[in-house]
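Student: So for the sequence shown, the UniProt record's numbering puts the first residue at 1; every next one is plus one.
Any given hint could be a false lead.
Using 25 Å as the maximum straight-line C-alpha spacing, the simulated BS3-like pairs for lysine-lysine come out as follows [as the list claims (entries may be wrong)]: (1) K73 - K92; (2) K92 - K43; (3) K43 - K21; (4) K85 - K21; (5) K85 - K73; (6) K85 - K43; (7) K43 - K79; (8) K21 - K32; (9) K71 - K43; (10) K10 - K43; (11) K10 - K21; (12) K73 - K32; (13) K71 - K10.
Keep in mind the hints are simulated off the structure, nothing from the lab. These numbers come from a predicted model, not from an experiment.
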Amino acid sequence: AACESKNYLKTKAKLQACYRKASNIQNDLMHKFTTELVNDYDKIVIENLSVKGMLMSHVASKGVHRSMFGKFKQILTYKCDWYGKDLILANKLYPSTQRCAACGNVKKGDDKITLYGNEKHGTKHNEYVCY
Numbered sequence: 001a002a003c004e005s006k007n008y009l010k011t012k013a014k015l016q017a018c019y020r021k022a023s024n025i026q027n028d029l030m031h032k033f034t035t036e037l038v039n040d041y042d043k044i045v046i047e048n049l050s051v052k053g054m055l056m057s058h059v060a061s062k063g064v065h066r067s068m069f070g071k072f073k074q075i076l077t078y079k080c081d082w083y084g085k086d087l088i089l090a091n092k093l094y095p096s097t098q099r100c101a102a103c104g105n106v107k108k109g110d111d112k113i114t115l116y117g118n119e120k121h122g123t124k125h126n127e128y129v130c131y
């Protein structure tokens, strides 16, 4: 560290400034998005993810860390308290992405979904709408 050149120090300072700028942009967007959610909805439901557990998985840890789930939850929690809105933490095992919003049908692993809906259960919704 004693023999760091002036060019190295200048480059290091520029890089730190870029990281700081990116961080400020992320924080700004996070605050604007959560404020919009809180202003538009009285009840907000998010999945109660175990961020710590996800960070322990080496495969997904970098992506999870960059996605800022924990910070999103923290900001949304304090804003919901501040504005008097309800924040509901859904169980992470609840099949929300497998449940049809239109009819309530829960997709099982062997169900085949087509553009005409789920023929096994008789739903006639588009695949992109149904699940």
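Student: Hint by hint, note whether the structure agrees.
Tutor: For each hint, the structure was consulted:
no.: 1; hint: K73 - K92; in the structure: holds (14 Å)
no.: 2; hint: K92 - K43; in the structure: holds (18 Å)
no.: 3; hint: K43 - K21; in the structure: violated (33 Å)
no.: 4; hint: K85 - K21; in the structure: violated (31 Å)
no.: 5; hint: K85 - K73; in the structure: holds (14 Å)
no.: 6; hint: K85 - K43; in the structure: holds (6 Å)
no.: 7; hint: K43 - K79; in the structure: holds (12 Å)
no.: 8; hint: K21 - K32; in the structure: holds (17 Å)
no.: 9; hint: K71 - K43; in the structure: holds (19 Å)
no.: 10; hint: K10 - K43; in the structure: violated (49 Å)
no.: 11; hint: K10 - K21; in the structure: holds (17 Å)
no.: 12; hint: K73 - K32; in the structure: holds (14 Å)
no.: 13; hint: K71 - K10; in the structure: violated (31 Å)
Checked against the numbered hints given earlier, this structure breaks hints 3, 4, 10 and 13; the rest are met.
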